[in-house]
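2 protein chains.
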Amino acid sequence: MPTPPPRFADRLHNAIERAGSPVCVGLDPVLESLPAVVRARHHEPLAAIEEFGHGVIDAVAGVVPAIKIQSACFERYGGAGVSLLERQAHQAAERGLVVILDAKRGDIGISAAHYAAAAKRSGAHAITVNGYLGLGTVRPYLEAGLGVFVLVRTSNPESDSIQSQRLVDGRSVGELMGAEVAALGAGCVGECGLSDVGAVVGATKAQDARALRERMADQVFLIPGYGAQGGTAEDIRGMLRAKRAGAADAGVLVTASRSIIYAFERGATEWAGQVRGAAETLRDEIAGIVRA
Amino acid sequence: MPTPPPRFADRLHNAIERAGSPVCVGLDPVLESLPAVVRARHHEPLAAIEEFGHGVIDAVAGVVPAIKIQSACFERYGGAGVSLLERQAHQAAERGLVVILDAKRGDIGISAAHYAAAAKRSGAHAITVNGYLGLGTVRPYLEAGLGVFVLVRTSNPESDSIQSQRLVDGRSVGELMGAEVAALGAGCVGECGLSDVGAVVGATKAQDARALRERMADQVFLIPGYGAQGGTAEDIRGMLRAKRAGAADAGVLVTASRSIIYAFERGATEWAGQVRGAAETLRDEIAGIVRA
Chain S
0 MPTPPPRFAD
10 RLHNAIERAG
20 SPVCVGLDPV
30 LESLPAVVRA
40 RHHEPLAAIE
50 EFGHGVIDAV
60 AGVVPAIKIQ
70 SACFERYGGA
80 GVSLLERQAH
90 QAAERGLVVI
100 LDAKRGDIGI
110 SAAHYAAAAK
120 RSGAHAITVN
130 GYLGLGTVRP
140 YLEAGLGVFV
150 LVRTSNPESD
160 SIQSQRLVDG
170 RSVGELMGAE
180 VAALGAGCVG
190 ECGLSDVGAV
200 VGATKAQDAR
210 ALRERMADQV
220 FLIPGYGAQG
230 GTAEDIRGML
240 RAKRAGAADA
250 GVLVTASRSI
260 IYAFERGATE
270 WAGQVRGAAE
280 TLRDEIAGIV
290 RA
Chain C
0 MPTPPPRFAD
10 RLHNAIERAG
20 SPVCVGLDPV
30 LESLPAVVRA
40 RHHEPLAAIE
50 EFGHGVIDAV
60 AGVVPAIKIQ
70 SACFERYGGA
80 GVSLLERQAH
90 QAAERGLVVI
100 LDAKRGDIGI
110 SAAHYAAAAK
120 RSGAHAITVN
130 GYLGLGTVRP
140 YLEAGLGVFV
150 LVRTSNPESD
160 SIQSQRLVDG
170 RSVGELMGAE
180 VAALGAGCVG
190 ECGLSDVGAV
200 VGATKAQDAR
210 ALRERMADQV
220 FLIPGYGAQG
230 GTAEDIRGML
240 RAKRAGAADA
250 GVLVTASRSI
260 IYAFERGATE
270 WAGQVRGAAE
280 TLRDEIAGIV
290 RA
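Listed in order, the protein sequences are those of chains S and C. Numbering follows numbering that gives the first Met the number 0, with no gaps: position 30 of the first sequence is 29. Numbering follows numbering that gives the first Met the number 0, with no gaps: position 169 of the second sequence is 168.
Here chain S stands alone, though its shape is the one from the complex (with noise of 0.2 Å):
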């Protein structure tokens, strides 16, 4: 009998082990911003977003355990987009990335089971979704093998107008939302004692993230808006699950994009090094911070 495939909490944490550290490159291409020799090299704007995405996954293989694919930059140019995506979400899980697929998608009832097929398909490990329809919405994901990471306190500076308000009973609507990741989440917990479901958690947002942390023990959280956005490495700390000495995975994966895909210098062609090379300067960084 063929071994069933590990749940997504245990996947992650054994990718995280690997690679010595919980990082995550977020591959958000936009045709602007690709290296001049790529662009050069095709007329289609598809075509150069491929090249990019191919070296941008073989530069991160075997240095960082996830990678976070937008799927805007790829739905921008339609069905042959979509299509591209789910080629490049296959490339990164066959040289071992875990991959999770910024879809942010959130529905009800058989179109949440159609997003989850749609997710599946890519060859995506998990899905970022929106909460808003109630958490009973996300089950369907979960139904389809996918680990979810929930938007609970993004790190954009507009989202305190909701997220920030106060309920009645005390708690921010953010943590409203983190206490029903939760209880969801307390359903799908793996070996490794963290949850399939996760959390979008900023680390922008880090006094928040620090009392999200106290109600949200088994959740993982996916973290943007470290280093250039201001996230600080003492935000990172606060924001950490107990755990044994030494361990690398810390229930926080940090995730950067443009710092990261971007991080060669203009005109450059051995941009994919450089690229390498800003994803092992992040990963020792974090690493340095988790595993203190």
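Source of the hints: derived by calculation from the structure; they are not laboratory data. Quick caveat: nothing in here was measured; it's all calculated off a predicted structure. All residues carry an ideal CB built from backbone N, CA and C; glycine is no exception. One should not assume that every hint holds.
Which stretches of chain C does chain S cover? Using the computed rule of at least three CB atoms under 8 Å from a CB of chain S, they are [as the list claims (entries may be wrong)]:
| id | stretch |
| --- | --- |
| 1 | 43–49 |
| 2 | 58–68 |
| 3 | 108–122 |
| 4 | 170–176 |
Starting from the known structure of chain S, fit chain C onto it as the hints suggest.
Positioned in the frame of chain S, the structure of chain C alone reads:
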């Protein structure tokens, strides 16, 4: 100089007055539910879905003012599904229907702009969006010339766990979202007096919907949940906006999917005529409620 296209609110208003009723047919094609004659003709699921969608569009054009296309039903077939969605959205627009892409997107900054570009290239006039990241993230869709319907109070039972929660100021989370929607929408009101920023408000949440209408005078309410799902004529009446006597546009757009597109008898060959008949019945029913 060519006339600029009308803004979304005016386009929708004109279409509603022309049709005499504010109704929308939801195109949520699922292979298993298609007419037997259509399924029998095609080996490929997407070919059957294409014939069905064309048939539905032909059947309802000239009967109802608008169509809402469920993106998930197409995305589950990957790039080829998305290409079909684009063809069908264009076809619906060419037939004079106002086209709403039901994609429930929500992302920040440049990613939102990518999603807006994707919706534009499909030929859609408006898109459903999720405002949990803050209403500032909705601006890129408006800047792309799209109308938006922001999820405010959704019809599904799981939504209460988030949207019904009370804030310290006495409002519910749904009412907070509604107030943010009204504030954003104040900047883009058309000649008809309605805003390009509308709201999704379920007929099944009639009491909340009445309260929302008091705070959202200029919003078009896109209303699922009427009929089979429990929403009544009285519920719709409570959601109307003040209007001149006899007008069909009262700031609502009642949407129905399965009760219209699957209104044929099992094995029917003249299924499209039955779909048209169901659309006509809904059109007349809602006209009776709104124009009284």
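| request: Could you check the structure against the hints above and give me the numbers of any it violates, in ascending order? | output: 1 and 2
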